[in-house]
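If you read the protein sequences in the order shown, they are chains F and P. Quick note: the first sequence uses full-length UniProt numbering, first residue 1, plus one each step. Quick note: the second sequence uses full-length UniProt numbering, first residue 1, plus one each step.
These are computed hints drawn from the structure, not numbers from a lab. All residues carry an ideal CB built from backbone N, CA and C; glycine is no exception. Everything hinted at is true.
Listing some non-contacts, in silico: residues in chain P with all C-beta distances to chain F over 12 Å:
1) ASP151
2) ILE196
3) ILE236
4) ALA263
5) ALA274
Just the calculated beta-carbon pair ranges, DEER-fashion:
6) F/ALA83 to P/ILE285: 46 to 52 Å
7) P/ARG304 to F/ASP136: 50 to 56 Å
8) P/ALA13 to F/ALA82: 21 to 27 Å
9) P/ALA225 to F/GLY22: 52 to 58 Å
10) P/ARG212 to F/ASP136: 51 to 57 Å
11) F/ALA83 to P/ASP19: 24 to 30 Å
12) F/ALA82 to P/GLY129: 36 to 42 Å
13) F/ALA32 to P/ILE273: 38 to 44 Å
One side of the interface only, derived from the structure: several residues of chain F facing chain P at Cβ under 8 Å:
14) PRO9
15) ASP36
16) ALA37
17) VAL41
18) ILE42
19) TYR43
20) THR44
21) PRO45
22) GLN48
23) ALA51
24) THR58
25) GLU60
26) ASP61
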Amino acid sequence: MTTAPRLDPPARVLVTKIGLDGHDRGSRIVAAFLRDAGMDVIYTPPWQSIAAVVKLATEEDVDAIGVSSLATDHLIVPQLVAALREAGLAHVGVVVGGIVPADEQPALVAAGVGAIFGPGASRDAIVAGVAALAADARAARDAELREQTP
Amino acid sequence: MDARWSSPDIPPALVALVDRLRRGEAAALARCLSLVEQGGAHADAIGRLIGAASGRAIVVGFTGPPGAGKSTLIDAFVGHVRAGGRTVAVAAVDPSSPISGGSVLGDRIRMQRHTEDPGVFIRSIASRGHVGGLTETIHRVLDLMGASGRDLIVLETVGAGQSEVEIAEAADVCVVVNAPGLGDEVQALKAGILEIADILVVNKADLPSARRTADQLRAMLTLRADARDTPVIETIATSGAGVAALAAAVEARAELPAEQKRARRLRRVRRLIAQAAGRAIRDRILGLDDPRSDAALEAALEGRCGVAEAAERVLRLLAYPAPPAPAGAPSPVTGRPDAPPGERSPPPSCPSVIPPYGK
Numbered sequence: 001m002t003t004a005p006r007l008d009p010p011a012r013v014l015v016t017k018i019g020l021d022g023h024d025r026g027s028r029i030v031a032a033f034l035r036d037a038g039m040d041v042i043y044t045p046p047w048q049s050i051a052a053v054v055k056l057a058t059e060e061d062v063d064a065i066g067v068s069s070l071a072t073d074h075l076i077v078p079q080l081v082a083a084l085r086e087a088g089l090a091h092v093g094v095v096v097g098g099i100v101p102a103d104e105q106p107a108l109v110a111a112g113v114g115a116i117f118g119p120g121a122s123r124d125a126i127v128a129g130v131a132a133l134a135a136d137a138r139a140a141r142d143a144e145l146r147e148q149t150p
Numbered sequence: 001m002d003a004r005w006s007s008p009d010i011p012p013a014l015v016a017l018v019d020r021l022r023r024g025e026a027a028a029l030a031r032c033l034s035l036v037e038q039g040g041a042h043a044d045a046i047g048r049l050i051g052a053a054s055g056r057a058i059v060v061g062f063t064g065p066p067g068a069g070k071s072t073l074i075d076a077f078v079g080h081v082r083a084g085g086r087t088v089a090v091a092a093v094d095p096s097s098p099i100s101g102g103s104v105l106g107d108r109i110r111m112q113r114h115t116e117d118p119g120v121f122i123r124s125i126a127s128r129g130h131v132g133g134l135t136e137t138i139h140r141v142l143d144l145m146g147a148s149g150r151d152l153i154v155l156e157t158v159g160a161g162q163s164e165v166e167i168a169e170a171a172d173v174c175v176v177v178n179a180p181g182l183g184d185e186v187q188a189l190k191a192g193i194l195e196i197a198d199i200l201v202v203n204k205a206d207l208p209s210a211r212r213t214a215d216q217l218r219a220m221l222t223l224r225a226d227a228r229d230t231p232v233i234e235t236i237a238t239s240g241a242g243v244a245a246l247a248a249a250v251e252a253r254a255e256l257p258a259e260q261k262r263a264r265r266l267r268r269v270r271r272l273i274a275q276a277a278g279r280a281i282r283d284r285i286l287g288l289d290d291p292r293s294d295a296a297l298e299a300a301l302e303g304r305c306g307v308a309e310a311a312e313r314v315l316r317l318l319a320y321p322a323p324p325a326p327a328g329a330p331s332p333v334t335g336r337p338d339a340p341p342g343e344r345s346p347p348p349s350c351p352s353v354i355p356p357y358g359k
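The shape of chain P in the complex, shown without the other chains (with noise of 0.2 Å):
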């Protein structure tokens, strides 16, 4: 287990980093970020003193099939913001191999335009065998970003498929691209990542179906039941054709209600708390040491429960966990102490009804 720290162990040396983070130093944000990945005892001290400082940016989110030009685009997308002197921060996550865990992270390739300028920061982040379009450290990733006081944040998905839906609360606007000749109308009324986007994008204009493919989705607009008013923008991310309607667009949703906004960092919050909470759990069932707890594991292997049932067992054991072992006589099955009578040992066979999934 990781040593946690309260405020005054944190080491020296990391609050002068964080320090130089909240000044806006790109090698300390970038050091940070590096510890967050690392997770554990280093990532938690920057977490506290980040603290509520972090969060004003806004975050776009760009999502979208692999090779729809996301990285491209928001390549304009960035040229266009830095025109107006803004500052940015990209986080362009991209898949890990499920192979080697290994990865080449190639965002950047196509994000060219900005290789000298200080005003445009770049992380690459390997997904790590995250589903879900992002990586388990994002929600970190932005608040470091956003405490080292970048004005925008610019958050890129891996290539995603249909049901990426992740970044809907990562971002507080989403910006879909799409590209022609990808599918037909049906892909259009299908369920997922077009339900979630504030603006979408038809990319590679220039193609000659691009103009279907726009006239299929602002069809599919019209069909939907919560008749959300999202734009459809036409964009050449390479010639920059469209790209000053996107960020119009941009800026026109980034305007949130302060309600709405808390509302979307409530949310973030909560999912912060579920990832370290199920963390938490994991750590200690895997380093359980109870009797009480090998019956639920053996009920399991023979059949007697199914896996939901003898999780729910296992996690009424850490909140209940065995008072000290009392001075009396070992049980006579498992040899140890027993547990006292009550209610706490679990019964020696799970009924044969399985509750219904997710009960």
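The shape of chain F in the complex, shown without the other chains (with noise of 0.2 Å):
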């Protein structure tokens, strides 16, 4: 099992899908991971909007997004980065997995994507991935009330 660091309360992670496709078995297989891993995991069917992602992840405050595509979605995950930020959601990490051909992976890290696991990455890999990014996005959070703004 993974060595990565855990949250308490445990790390709140948003696994879901925008888009078209429906493939959602590998999102179910990392939801487990992720729950095994000590996380709280929420979870949506496919066929989500970017608004709708948005709204979750607003109310549940989730510390990092997964978003599984196996058809292209990961195309429009650009836009929910994008979307995120602009609900002052800049801190939470979004990370990438399924498809994601080689040459459209600088894009997404371009667009402020944290990790893009592919076929064959291993669970630790996916959990110790997931966890750094939930950490940073933690402790940006708690450095907000820190700050003494009038």
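Quick one: dock chain against chain with the hints and give me the complex.
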């Protein structure tokens, strides 16, 4: 198992699918991985709109979002990242898992995606990647309260 | 130990956050809910900032066995409430794994009708090992949701068995959702969640045995001594059938006399105080550095007294802490300065008869 640091209360991670692809086997398996690593996983069915994901991430105050994409939906992830920023959720880590062609990965990273996991990615790698992004998000959030804004 | 702030010392960012919550901003409510979950100084400060402004909203609780259709019914019920123009907050509790501590919070899956409606705020909450169907922080969660100005709060318990009755204290109206075919008449007779119902629902009423289940529940109700007028409503959450009747019944029950409302709030406050006191005592006992408590520990370890009795003694030590150590000679027994002569140090051994549990 992984040695990634655990948050207390546990990391809150949204596992979802945006766009039109309905292949949700992968997202279910990843949800179980993260649960078994001690995280609180908020799971949705596929076919979520970007607006719905932003609303959900806001209400659930998630630390990270895992987007599963097996049929080109990764191409709208930059829109999701932009919408999150606009909603004041720039701290939330975004991970993409599934099929992302190598030549399309740099665009996602440039848009702000924190990690990309393709076929064959190990449980430990996925858990560690999500845990690290969630820990960063939590730290950024906690820092906000220390700011002495007027 | 956490730092405790007096009001002027609360970080301005936190004050601003709570102001935004009061104005109904969803992001601020969400953030405060996380901080309350985290506990500690921030949670206390939020509690103080919210103060008496909380708790105007009606809290409707839904409980019942796993798979009865609670989440789906809530989805339909919330739809009905929204059609009337009122805003809603939902707190949905799901179980945490006792093994990993993690969870999959899936109640939202059945609440897809409201994914883009800003008038519906849904928060998934992990039970984190709390037994009773809810969570330790649930009362604070409800207070925050109320303070954010939502008209109605819906509270969903984990799939409940027969003894998850905490919801009766947290909710103004308690709906117990049943599904057909989960048991016979004997189940309906048993003590537990059926007794706390203000409204009984038989969901999945399109199943053939639904009528019989509803009849059994009604029969059970006629046998009850307190003879409350508890409606039994048949619903089909997936089609919306019966949901209007349910909403009407909730409406009727929500009109509590002010006196009853106050009594319920008082019970809630009492529970919050008990929780806070329990945590404080636990922390102090774990951090207790007093040779007299070692004596109680050793007595319990060696079986000279029961744990309950040792606990009593340690509590007494907390109530009457050791005075500053006198400069006198060290105790011949412990090698440390002895307590002054008098009542406080425990006798060398416990009586062999342990008082009955709970005495």
